[in-house]
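Chemist: If you read the sequence shown in the UniProt record's numbering, its first letter stands for residue 1, the second for the next number, and so on.
Each statement offered as a hint is correct.
Label pairs and their calculated CB-CB ranges:
no.	residue 1	residue 2	range
1	Ser170	Ala311	14 to 24 Å
2	Glu291	Asp49	51 to 61 Å
3	Gln155	His7	32 to 42 Å
4	Phe327	Gln155	32 to 42 Å
5	Val307	Pro211	45 to 55 Å
6	Glu233	Arg282	29 to 39 Å
7	His7	Gly36	23 to 33 Å
8	Glu55	Leu316	43 to 53 Å
9	Lys342	Glu205	21 to 31 Å
10	His19	Glu333	33 to 43 Å
11	Ala38	Gln155	22 to 32 Å
12	Thr214	Gln155	31 to 41 Å
Calculated directly from the structure, the hints in this document are not laboratory data. Don't be surprised by glycine CBs; every beta carbon is placed ideally from N, CA and C.
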Amino acid sequence: MNNPTYHSVHNRFKLNGFHLDKDDLCRVAYSFIKEGEAFERPVGIFILDWFDEKEYIEMTTSGTTGAPKKIKVNKQAMVNSALATGDFFDLAPGNKVLHCLPAQYVAGKMMFVRAFILGLDLDFVEPTSTPLERNDETYDFAAMVPLQAQHSLAQLGQIKKLIIGGAKVSSALANELQQVSSAIFETYGMTETITHIAAKRVGEEAFQVLPGITVAEDERHCLVVTAPTITDEAVVTNDVVKVLNENEFIWLGRIDNVINSGGVKLFPEQIEEKLSHKIERRFFIASQENEELGEKLVLAVEGDPFVIDDAAFGELGKYEKPKVVLFIPKFLETPTGKVLRKESLSSV
Numbered sequence: 001m002n003n004p005t006y007h008s009v010h011n012r013f014k015l016n017g018f019h020l021d022k023d024d025l026c027r028v029a030y031s032f033i034k035e036g037e038a039f040e041r042p043v044g045i046f047i048l049d050w051f052d053e054k055e056y057i058e059m060t061t062s063g064t065t066g067a068p069k070k071i072k073v074n075k076q077a078m079v080n081s082a083l084a085t086g087d088f089f090d091l092a093p094g095n096k097v098l099h100c101l102p103a104q105y106v107a108g109k110m111m112f113v114r115a116f117i118l119g120l121d122l123d124f125v126e127p128t129s130t131p132l133e134r135n136d137e138t139y140d141f142a143a144m145v146p147l148q149a150q151h152s153l154a155q156l157g158q159i160k161k162l163i164i165g166g167a168k169v170s171s172a173l174a175n176e177l178q179q180v181s182s183a184i185f186e187t188y189g190m191t192e193t194i195t196h197i198a199a200k201r202v203g204e205e206a207f208q209v210l211p212g213i214t215v216a217e218d219e220r221h222c223l224v225v226t227a228p229t230i231t232d233e234a235v236v237t238n239d240v241v242k243v244l245n246e247n248e249f250i251w252l253g254r255i256d257n258v259i260n261s262g263g264v265k266l267f268p269e270q271i272e273e274k275l276s277h278k279i280e281r282r283f284f285i286a287s288q289e290n291e292e293l294g295e296k297l298v299l300a301v302e303g304d305p306f307v308i309d310d311a312a313f314g315e316l317g318k319y320e321k322p323k324v325v326l327f328i329p330k331f332l333e334t335p336t337g338k339v340l341r342k343e344s345l346s347s348v
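Construct the complete structure from the given sequences, taking the supplied hints into account.
Modeler: Next comes the structure, spelled out in structure tokens:
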């Protein structure tokens with residue numbers, strides 16, 4: 001298919017085993033909205049929105065860096081993003097793919113767009129934490145969040161190429177994923193860039209950008225993404241990075257999370273990485289105001305208090321060891337499951 005547009009549905013596209021064209025899809029959409037399961041209704045709404053007369057789709061940002069907001073995303077830009085993903089991951093018409101993400105968010109919508117445009121054979125299942133349970137099908141491609149990958153380790157060999165996004169892959173999970181025979185990638189992106197703009201093999205350090213995208217650093221050492229086929233303006237992020245060249249970068253952490261303790265800049269994400277296989281509960285590194293240091297390092301752990309062995313902190317540098325351990329009964333989260341650090345801290 002040459003230069004597909006958002007009006008196009010590839011003639012190899014299938015949904016749950018059935019060849020469907022645009023009219024068929026709209027009939028399925030009405031059925032999902034009227035009598036579908038709760039997870040199917042957002043799909044119905046998305047399909048009708050996709051084929052309406054508007055050139056854009058309204059989406060809500062995840063709310064990780066502030067209040068969630070509605071943005072308008074150009075449909076042709078979504079098509080261009082799908083083509084770039086297909087090129088990067090070598091997806092071909094007829095490839096069997098698993099869709100197990102919530103359809104109300106950008107990553108879930110984009111799996112459908114890739115299938116429509118690239119002619120994929122899409123199995124759409126309920127987005128649970130165990131999407132491969134009672135499913136022995138083999139897939140060429142799938143996308144998951146880290147929690148789903150963690151709960152599906154024994155079945156991941158059924159997927160030839162897997163992308164993981166929505167949250168950072170911990171080093172503990174990365175170690176487990178490297179034992180799986182599949183090609184597994186961690187992705188980097190956001191709603192504003194229409195899902196991922198870069199990916200790296202799990203265990204590697206540097207992200208590689210998708211075709212047609214370049215990256216640079218601003219004066220804060222934060223990532224700036226230029227993607228002319230996806231967004232008219234460069235996207236300036238709050239992610240502190242080390243740009244290796246215009247096609248590769250290493251992610252260091254969020255500038256909003258950087259802690260200045262006694263003049264030393266500390267990246268919570270890097271400390272969390274070192275602790276990821278030492279503390280079995282969910283946790284994060286944050287700070288509290290301190291008269292002497294400006295900010296003191298705090299370890300917040302979810303659940304009831306317990307004694308953490310000093311050996312857990314053995315890999316940490318001199319300034320990286322937390323001054324305080326706080327136990328928080330339940331972390332607060334965004335709708336997509338990302339931990340809200342500041343809000344969780346202030347809840348105790």
